[in-house]
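Line by line, the protein sequences are chains A and B. For the first sequence, this note's numbering begins at 1 and goes up steadily by one. For the second sequence, this note's numbering begins at 1 and goes up steadily by one.
Keep in mind the hints are simulated off the structure, nothing from the lab. Honestly, I wouldn't trust all of these hints.
Stated by the list, open to error - Cut-off 25 Å, straight-line C-alpha distance, at most; resulting in silico cross-link-like pairs (DSS-like, lysine-lysine):
hint: 1; chain 1: A; residue 1: 255; chain 2: B; residue 2: 70
hint: 2; chain 1: A; residue 1: 464; chain 2: B; residue 2: 70
hint: 3; chain 1: B; residue 1: 150; chain 2: A; residue 2: 89
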Amino acid sequence: MSLEELQKIAAAAKVKAESYEHHVHVCMAASCQSCGAADIKTQLTETVKENGAEADIWVKGVGCMGLCSAGPLVRVESPADESEYLYQKVGTEDVSELYASIDGNPVERMRCQTEIPFFARQQKIVLENSGRIDPEQIDDYIAEGGYTSLVRALTGMSPQEVLREVSDSGLRGRGGGGYPAGLKWATVARSPAPVKYVICNADEGDPGAFMDRAVLESDPHRILEGMALAAYAVGAEYGYIYIRAEYPLAVERLKKAIRQATRHGFLGRQICETPFSFEIEIRLGAGAFVCGEETALISSIEGQRGQPSPRPPYPADEGLWDCPTLINNVETLANVPAIVREGGEWFQSIGTEKSTGTKVFALAGRIAHTGLIEVPMGITLREIIEEIGGGIPEGRKFKAVQTGGPSGGCLPEENLDMPVEYDTLRAAGSIMGSGGMIVMDETSSMVDVARYFMDFCMTESCGKCVPCRAGTFQMHGLLTKIARGEATAADLQLLEELCDVVRDTSLCGLGQTAPNPVVSTLRYFRHEYEEKLKTDSTDLEIVAS
Amino acid sequence: MEHKRRVRPVAPKPPSNDKRWKLVDVAMRRNGYSGHALIETLHTVQDCFGFLDDVSMRYVASSLRLPTSKVYGVATFYHLFTLKPQGEHTCVVCTGTACYIKGANHLLEGIEDRYKIHPGQTTKNGSLSLLSARCLGACGLAPAAVVDGKVVGNQTTEELLTEIEKVV
Numbered sequence: 001m002s003l004e005e006l007q008k009i010a011a012a013a014k015v016k017a018e019s020y021e022h023h024v025h026v027c028m029a030a031s032c033q034s035c036g037a038a039d040i041k042t043q044l045t046e047t048v049k050e051n052g053a054e055a056d057i058w059v060k061g062v063g064c065m066g067l068c069s070a071g072p073l074v075r076v077e078s079p080a081d082e083s084e085y086l087y088q089k090v091g092t093e094d095v096s097e098l099y100a101s102i103d104g105n106p107v108e109r110m111r112c113q114t115e116i117p118f119f120a121r122q123q124k125i126v127l128e129n130s131g132r133i134d135p136e137q138i139d140d141y142i143a144e145g146g147y148t149s150l151v152r153a154l155t156g157m158s159p160q161e162v163l164r165e166v167s168d169s170g171l172r173g174r175g176g177g178g179y180p181a182g183l184k185w186a187t188v189a190r191s192p193a194p195v196k197y198v199i200c201n202a203d204e205g206d207p208g209a210f211m212d213r214a215v216l217e218s219d220p221h222r223i224l225e226g227m228a229l230a231a232y233a234v235g236a237e238y239g240y241i242y243i244r245a246e247y248p249l250a251v252e253r254l255k256k257a258i259r260q261a262t263r264h265g266f267l268g269r270q271i272c273e274t275p276f277s278f279e280i281e282i283r284l285g286a287g288a289f290v291c292g293e294e295t296a297l298i299s300s301i302e303g304q305r306g307q308p309s310p311r312p313p314y315p316a317d318e319g320l321w322d323c324p325t326l327i328n329n330v331e332t333l334a335n336v337p338a339i340v341r342e343g344g345e346w347f348q349s350i351g352t353e354k355s356t357g358t359k360v361f362a363l364a365g366r367i368a369h370t371g372l373i374e375v376p377m378g379i380t381l382r383e384i385i386e387e388i389g390g391g392i393p394e395g396r397k398f399k400a401v402q403t404g405g406p407s408g409g410c411l412p413e414e415n416l417d418m419p420v421e422y423d424t425l426r427a428a429g430s431i432m433g434s435g436g437m438i439v440m441d442e443t444s445s446m447v448d449v450a451r452y453f454m455d456f457c458m459t460e461s462c463g464k465c466v467p468c469r470a471g472t473f474q475m476h477g478l479l480t481k482i483a484r485g486e487a488t489a490a491d492l493q494l495l496e497e498l499c500d501v502v503r504d505t506s507l508c509g510l511g512q513t514a515p516n517p518v519v520s521t522l523r524y525f526r527h528e529y530e531e532k533l534k535t536d537s538t539d540l541e542i543v544a545s
Numbered sequence: 001m002e003h004k005r006r007v008r009p010v011a012p013k014p015p016s017n018d019k020r021w022k023l024v025d026v027a028m029r030r031n032g033y034s035g036h037a038l039i040e041t042l043h044t045v046q047d048c049f050g051f052l053d054d055v056s057m058r059y060v061a062s063s064l065r066l067p068t069s070k071v072y073g074v075a076t077f078y079h080l081f082t083l084k085p086q087g088e089h090t091c092v093v094c095t096g097t098a099c100y101i102k103g104a105n106h107l108l109e110g111i112e113d114r115y116k117i118h119p120g121q122t123t124k125n126g127s128l129s130l131l132s133a134r135c136l137g138a139c140g141l142a143p144a145a146v147v148d149g150k151v152v153g154n155q156t157t158e159e160l161l162t163e164i165e166k167v168v
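Just chain A, same shape as in the assembly:
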């Protein structure tokens, strides 16, 4: 595949698109599908057929449009008069009305305003094709400039040059840790080992986070291209995508994408008539949160229990089957094609100095607009929650925002004007995490929230090291005691001590970060804990009797 051939495919796809007068895009991502989007698409297609308008109207299934709480979403675009209408909560009974409106006036009662900050304030890199292209058609991706970065890199750039662009971009790992991607790549690239691997970590385990799934479901080719570029830069020939088995739609689309990419010669032997070869295999997870940790993930791919091992050696030196292995998160890899296309400097100009680029967040909880957003780094939490998210519904008061899932923390009102960056979030006692952002209002008890996350960590602890296995169990017991109002000040003190011990002595990230939700809620909402404590021994007797 040469650049000319690629451009020919893109041009053909564009000609096809332009031959239609109207484009009807139906969101076919998991959230809208669970509200019946598939039926709507089928009915729309049938209605178009019945009216003999197949040549004018193109009904297309696309990826996630972002505003999941208003699903199923349908967008009608008419390139001729440049009109674009987004419809929300579309039901099968609305299909005929929707069809009739394509040539006439829009259906006002279902319209979703696209000028609202939820759409207007976003800046899209990772999600640039999401909600626009059909994830099951490689030509759609190519028409949007897909695979040009790969072909350009293979035919005109050395691996070192690709690596330099990624280093220059300042891209940091989007899985939560925030380790500079360029450094990780360079370590693997430096190794003289003959066999190396690239792994895409798609084991999105944080409860309340669905960014990676949306990317995989909406734009799977982007991940393949990112992985191929990474493999070229570090000198790997084999890649694995480790994905949760709970994401059947994403798995199916990835498999399809791999087949299509192999047929087009973007994967396989001698890609673009160069000596570079790269093959990708999918490995299914089986429901273990700890497998998001690099070394545990590698054990799982090797068919073992997903237990982490001490580092060093780091996977970049000795990873899968003891070969140097590059592990990157889905979102990190999804940024790579854009970085290679536009250059590292361009990427660095977005966001802030230490946290470059954009970040995808899954906004959920007590917030008006639930869904997927991509914003430049450095935006404040207040802008995300009050403007993009539309604030707290039902006139309730904001209480806390939780970032980073079970490894993160809860931030109160006074932190809302803080810019969203890796380092500021960490300083405030939370972490960037993979991108789950759960908003809580005054109805949530922070002790309960801390207990909820501790319950999660306790269940998910792999059991290999004692501090995590026993520590999370004990902390959960103490939190339950506090929540029930049976605890004393001594229990609270013990809880705080345990937080330190578990954080300092656990083997892997799961245990080291498990106390975070407790520590952060104690830091900002200590009074809620203290209110639940028993004051003196007379209370004890009352409870006992």
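Start from chain A and add chain B according to the hints.
For chain B alone, coordinates are given in the frame of chain A:
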């Protein structure tokens, strides 16, 4: 790279004439009967039979030439594998953070009260299994549940119980 096929002295026979064992064999053969395909194989067994029992785990162990203890260890380590047969119908309640904040606990309590089962259990007559999921990723629909493969969102306890009654 040429894949060398391992020489297998005695291929263990499937435990029964059930045709589903052929699918399991295909999965193991596709991965060259290698031990690192254990998780893939267990996925196939569970897809075919609905759960993993002693017979299937022993068969997989001898086919992949792994100790039974290792197969059992892996099967019990991962939450997705189940060693008990499921009921005729299933209800999965999402307990992800977004659903938790919006009251997933009440949904679970409602079902526990009505059917006297806890997550991971099946009713005595085998008609309903109650499960909890870490996160369905349908946070926009919180609190959400899956009844026999159909996702239902924004549920109250009464609504979910009605959904379950429709199928059970």
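Consistency of the hints with the structure:
A distance of roughly 29 Å separates the Cα atoms of residue 255 (chain A) and residue 70 (chain B); the hinted pair therefore is violated under the 25 Å criterion. Proposed proximity of residue 464 (chain A) and residue 70 (chain B) is supported: the alpha carbons are some 15 Å apart, at most 25 Å. This hinted pair checks out: residue 150 (chain B) and residue 89 (chain A) have alpha carbons roughly 18 Å apart, not beyond 25 Å.
Checked against the numbered hints above, the structure violates only hint 1.
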